[in-house]
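Colleague: Chains as they are written, first to last, in numbering that gives the first Met the number 0: chain P, 0 to 132; chain C, 0 to 349; chain H, 0 to 389.
Worth double-checking, as some hints may not be accurate.
Unchecked claim - Once the Cα atoms are required to be at most 20 Å apart in a straight line, the calculated SDA-like pairs of lysine to any residue come out as:
| id | chain 1 | residue 1 | chain 2 | residue 2 |
| --- | --- | --- | --- | --- |
| 1 | C | 347 | P | 120 |
| 2 | C | 345 | C | 243 |
| 3 | P | 48 | C | 67 |
| 4 | C | 341 | P | 53 |
| 5 | C | 313 | C | 333 |
| 6 | P | 105 | P | 83 |
| 7 | H | 304 | H | 161 |
| 8 | C | 321 | C | 28 |
| 9 | C | 86 | P | 96 |
| 10 | H | 304 | H | 194 |
| 11 | H | 180 | H | 304 |
| 12 | C | 243 | C | 28 |
| 13 | C | 12 | P | 121 |
| 14 | C | 347 | P | 116 |
| 15 | C | 322 | P | 53 |
| 16 | C | 347 | P | 119 |
| 17 | P | 10 | C | 100 |
| 18 | P | 101 | P | 74 |
| 19 | C | 345 | C | 24 |
| 20 | P | 101 | H | 158 |
| 21 | P | 10 | H | 132 |
| 22 | P | 112 | C | 289 |
| 23 | P | 49 | H | 249 |
| 24 | H | 156 | H | 318 |
| 25 | P | 55 | P | 10 |
| 26 | P | 55 | H | 12 |
| 27 | H | 194 | P | 74 |
| 28 | P | 129 | C | 12 |
| 29 | H | 363 | H | 318 |
| 30 | C | 331 | P | 48 |
| 31 | P | 52 | H | 249 |
| 32 | C | 128 | C | 0 |
| 33 | P | 10 | C | 87 |
As the list claims (entries may be wrong) - Covered stretches of chain H (in silico footprint by chain P; criterion: 3 or more residues with CB under 8 Å from a CB of chain P, positions within the stretch not fixed):
| id | segment |
| --- | --- |
| 34 | 57-70 |
| 35 | 121-128 |
| 36 | 136-149 |
| 37 | 187-201 |
Quick caveat, the hints were computed from the structure, so don't treat them as lab data.
No residue lacks a Cβ here, since even glycine has one placed at the ideal position from N, Cα and C.
Read off the chains here:
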Amino acid sequence: MNGALPLIWRKFGERYDLDGNFCETCGTAFFPARPVCPSCRRRGKLVPKKMPKTGKIVSFTEVFTGPAGFEHETPYFIAIVELDNKARLLTQIVDSEKERVKIGAKVGKVFRKISDIDPEGPIAYGYKFKVVC
Amino acid sequence: MVGIVGYGVYVPKYRITVEEIARVWKKDGKAISAGLNVKEKAVGSFDEDACTISVEAARRALAHSGIYAANLGAVYVGSESHPYAVKPTASIVADAVGASPELTAADLEFACKAGTAGIQMCLALVESKMPAWIKYGMSIGADTAQGRPNDALEFTAASGGAAFIVGKKEDEVIAEVLDTYSYTTDTPDFWRRQHAEFPRHAGRFTGKPAYFKHVIAGANGIMKRVNMKPSDFDYAVFHQPNGKFPIRVAKQLGFEKKQIEQGLTTPLIGNTYSGSMMIGLASVLDKAKPGEKILAVSYGSGAGSDAFVLEATKNISKKRPKKTVFDMFEEKEYIDYAEYVKFRKKLKSL
Amino acid sequence: MRSVSIIGTGCTVFGEHWNKSFRQLIAEAGIEAIQNAGVEGKDIEALYGGNMASGRFIGQEHVGALIADQLGLNPIPATRVEDACASGGVALRSGYMAIKSGEYDVVAVGGIEKMTDVGTDQAAIALGGAGDQETELFHGASFPALYALMARAHMNKFGTTEEQLAAVSVKNHKNAMLNPKAQFHREITVADVMKSSYIASPLKLLDCSPITDGAAAVILCETEKAKEICEQPIEIIASGQASDTLALPGRKNLYETMAARVAAKAAFEKAKLTPKDIDFAEVHDCFTIAEILAIEAIGFCEKGKGGPFTEQGKTALDGEIPVNVSGGLKGKGHPVGATGVAQAVEACIQLQGKAEKRQVKDAKIGLAHNVGGSGATATVHLFKAAEGRK
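Just chain P, same shape as in the assembly:
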């Protein structure tokens, strides 16, 4: 699905600039944006919200066998990052020495090519993160 054009296009806001949303009732930030706040449901009031561009690593793995489309990128780091507003996302960690990729490490967002599976097809750009200190 990584080469599917309308899907790539629909996700620009989310993938380029971390567009998510926020429940004004309970104060929880969601990324990606959710159609319903799972805690407040109909009492929830969701408003669009850009996510902060920094956070910390909650867990990580170094992938040595990647799925189709990523087979030549190995090894690469995948991490769950908790952003400064507590929303969490899964992302690749790039440009970071192995010793610095650890739980609790501070990371910042970068703009990268994420999926380029067809040399004649569309390129999917979006967020990755790197360890910042």
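Fit chains C and H to the supplied structure of chain P, relying on the hints for placement.
Modeller: Chains C and H alone, transformed into the frame defined by chain P:
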């Protein structure tokens, strides 16, 4: 007043030394490195291209200048390694930095000087008296330059880029553009045909009739127009395909070494093509004091030069990034030739 | 309240069936189950087929109808059930509910996956669809990567070691030695696991279940009727199912599986039993960490203690609570859509006392735990031998 209101530079963190490339081809790396005056070059990672470099440079320019992306009226990206042959890089960059759809955008190509051509277009648009005038325009020069394996260019063809925002508010301009001038002829010294993977060049023909002729014509042309001579400038920046040409051209024009040192970046990162002169100019803006004058001349094969005369304003010290271009170069990690081949997808099966 | 029992089981050998198609595999398991149940095809009133990704693996959708067709069961209603790797468990539950509701008395439940017709990189893409396509697989997060993130979090929170993870694999390979239908008949040591290469750190090749072809089937029957026609019916005494966020980042934490905990709790409450009452369990060990998470979620050991609990042999065939005596997904193999049904087949074999060398002594009550994705779906079923026809 019209001029530069913000700038941002992005150089990928990976480096390969000239000696490492020479090792693979059993050449004398030390001699080549000294001959080119290039120690190492910046290499984009496997997931970097002219578009990602442009976005990073643009975001930095916006962040440091405090200009809202939504106020950009034009975005131009000059590159000879646009990821798409048809489909603009500029629209991706505009979207990624959060610009408004109400802007003009285009990709430019004029070998290594497309980014400076974009600056000229932004200057004209910002100064335009038409009702549709724009407040700010951004031009980016960025490349992941392609060097054919075992070609002379492989030692220097690098990745990197710079973004400049043009505006005219007096309290925002950090370097006023006093004049700009271009010199263009049909000189086929370097080209890449449609669908070809690597550019070809005409060897020594790229020197005297190409680079030197146009850079000198550009520099002399603009100095004549503004009635200035080399000693009137605090800084001079020239396109730098290697570390030698800009030094030699400066000498021929009558500039001293100290005038060009601050803008000479190719020895440390290689030739970033469309980014080359613009990164050099950014480095000069890192240091320039109010009132200091700068001559900047780009060169694009094919061939032409865009020349600019700039004067730093009193705003410059508070608007420039804390981290200088040279500081940025220090954030680096060395890779060997094998990793270089992998990152730049030079193996057929990648 | 109506009760549901299993009256017949069928299961293919699990492994790489280069010369057998999807159709052949499900026919083999299905026919075995129907014959084993001692019923005729005409007695079966509905069919539920668990399958995860036939579209990706063999380019074939609509496999509910295909299965009924292959087994000669037309025109009964045939439905494909898909909940990733929990497809089999959810198919079983669907059949169970259909009889519970009073709509039918006899229902066939199948589970199947034919995975080896595509290369491993394509298989990884197919399996990756069990996670979140848009926010996980898109970024290159393969399935081992998702479980590796959970493993790292568990190690960080509770001090679980890679050797403890390896102990799961060693045990399940040992059990698989005793199961003629298992994919692997090869004993391994902790050292073997430790020196196998990383797939997604901290998970290594021998922490991962294999790519497997296989099918399993059971025939369900209303219990009173089952007692009339079957010598050893196995009653499904409870069925629990729960869901969690599809993507890992949305979970409250990464070191426990909430859906499995909720499903297990629901099953125990329905059956008025506790984890202490269970004699053996088939749990979803798609990766070694998954078995640790499973035994903690079910409540066989304290939260966070799954590593040492396994390392001390408490889940071995002769341990306190034998887990995955069939060899589990690691040793027996993991044809994803078939796994949940195959677990029920193993539960029946054990409770009928027919497990031969891998027989759990005095097995009265068994548990099966099946998981979809990285834990977004979980089913827990409890089984007990019912009084049969004399």
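Colleague: For every hint, state whether the structure bears it out.
Modeller: Comparing the hints with the structure gives:
1. Under the criterion of a C-alpha separation no larger than 20 Å, the hint pairing residue 347(C) with residue 120(P) is consistent with the structure, at around 18 Å.
2. In summary, the hint linking residue 345(C) to residue 243(C) is not supported, as the alpha carbons are separated by about 27 Å, beyond the 20 Å threshold.
3. In summary, the hint linking residue 48(P) to residue 67(C) is supported, as the alpha carbons are separated by about 18 Å, within the 20 Å threshold.
4. Restraint check: the Cα-Cα separation between residue 341(C) and residue 53(P) comes to about 29 Å, which exceeds 20 Å; the hinted pair is violated.
5. Straight-line distance between C-alpha atoms of residue 313(C) and residue 333(C) comes to about 39 Å, which puts the hinted pair past the 20 Å bound.
6. Restraint check: the Cα-Cα separation between residue 105(P) and residue 83(P) comes to about 10 Å, which is no more than 20 Å; the hinted pair holds.
7. Proximity of residue 304(H) to residue 161(H) is assessed by CA-CA distance (about 14 Å); at most 20 Å being required, the pair is judged to hold.
8. Restraint check for residue 321(C) and residue 28(C): not satisfied, since their Cα atoms lie roughly 35 Å apart, outside the 20 Å limit.
9. At most 20 Å may separate the alpha-carbon atoms for a hinted pair to count; residue 86(C) and residue 96(P) exceed this at roughly 34 Å.
10. For the hint pairing residue 304(H) with residue 194(H), the CA-to-CA distance comes to about 24 Å; that exceeds 20 Å, so the pair is violated.
11. Annotation: proposed proximity of residue 180(H) to residue 304(H) is violated, straight-line Cα distance about 31 Å (limit 20 Å).
12. For the hint linking residue 243(C) to residue 28(C), the alpha-carbon distance of about 16 Å falls within 20 Å, and the restraint holds.
13. A distance of roughly 26 Å separates the Cα atoms of residue 12(C) and residue 121(P); the hinted pair therefore is violated under the 20 Å criterion.
14. Of the pairs offered as hints, the one joining residue 347(C) and residue 116(P) holds, with about 15 Å between alpha carbons and a cut-off of 20 Å not exceeded.
15. Straight-line distance between C-alpha atoms of residue 322(C) and residue 53(P) comes to about 19 Å, which keeps the hinted pair within the 20 Å bound.
16. Our distance criterion of 20 Å between C-alpha atoms is met by residue 347(C) and residue 119(P), whose separation comes to about 15 Å.
17. Proximity of residue 10(P) to residue 100(C) is assessed by CA-CA distance (about 17 Å); at most 20 Å being required, the pair is judged to hold.
18. For the given pair, residue 101(P) sits about 16 Å from residue 74(P) by alpha-carbon distance, which is consistent with the 20 Å threshold.
19. For the given pair, residue 345(C) sits about 15 Å from residue 24(C) by alpha-carbon distance, which is consistent with the 20 Å threshold.
20. Taking the CA atoms of residue 101(P) and residue 158(H), the gap is about 15 Å. The hint holds against a cut of 20 Å.
21. Straight-line distance between C-alpha atoms of residue 10(P) and residue 132(H) comes to about 12 Å, which keeps the hinted pair within the 20 Å bound.
22. Among the hinted pairs, residue 112(P) with residue 289(C) is inconsistent with the structure: their alpha-carbon atoms are about 39 Å apart, more than 20 Å.
23. As the CA atoms of residue 49(P) and residue 249(H) are separated by approximately 17 Å, the hinted pair is consistent with the 20 Å bound.
24. The suggested pairing of residue 156(H) with residue 318(H) is violated, with an alpha-carbon distance near 26 Å, which exceeds 20 Å.
25. Among the hinted pairs, residue 55(P) with residue 10(P) is inconsistent with the structure: their alpha-carbon atoms are about 23 Å apart, more than 20 Å.
26. Annotation: proposed proximity of residue 55(P) to residue 12(H) is violated, straight-line Cα distance about 46 Å (limit 20 Å).
27. Taken as a hint, the residue 194(H) and residue 74(P) pair is honoured in the structure, with Cα atoms around 18 Å apart against an allowance of 20 Å.
28. Between the alpha carbons of residue 129(P) and residue 12(C) the distance comes to roughly 12 Å, so the proposed pair stays at or under 20 Å and holds.
29. With a C-alpha separation of about 16 Å, the suggested pairing of residue 363(H) with residue 318(H) holds against the 20 Å cut-off.
30. A C-alpha spacing of about 34 Å is found between residue 331(C) and residue 48(P), which places the hinted pair above 20 Å, so the restraint is violated.
31. Between the alpha carbons of residue 52(P) and residue 249(H) the distance comes to roughly 18 Å, so the proposed pair stays at or under 20 Å and holds.
32. For the suggested pair residue 128(C) and residue 0(C), the alpha carbons sit about 14 Å apart, so the restraint of at most 20 Å is met.
33. For a cut-off of 20 Å, the pair hint linking residue 10(P) to residue 87(C) stands: about 18 Å separates their Cα positions.
34. Note: the segment 57-70 of chain H has 0 residues with beta-carbon separation from chain P under 8 Å; the three-residue rule is not met and the coverage is violated.
35. Restraint check on the segment 121-128 of chain H versus chain P: 4 residues with Cβ-Cβ distances below 8 Å, three needed, restraint holds.
36. Note: the segment 136-149 of chain H has 11 residues with beta-carbon separation from chain P under 8 Å; the three-residue rule is met and the coverage holds.
37. Counting residues of the segment 187-201 of chain H whose CB lies closer than 8 Å to any CB of chain P gives 6, so the stated coverage by that chain holds, three being the minimum.
Checked against the numbered hints given earlier, the structure breaks hints 2, 4, 5, 8, 9, 10, 11, 13, 22, 24, 25, 26, 30, 34 and satisfies all the rest.
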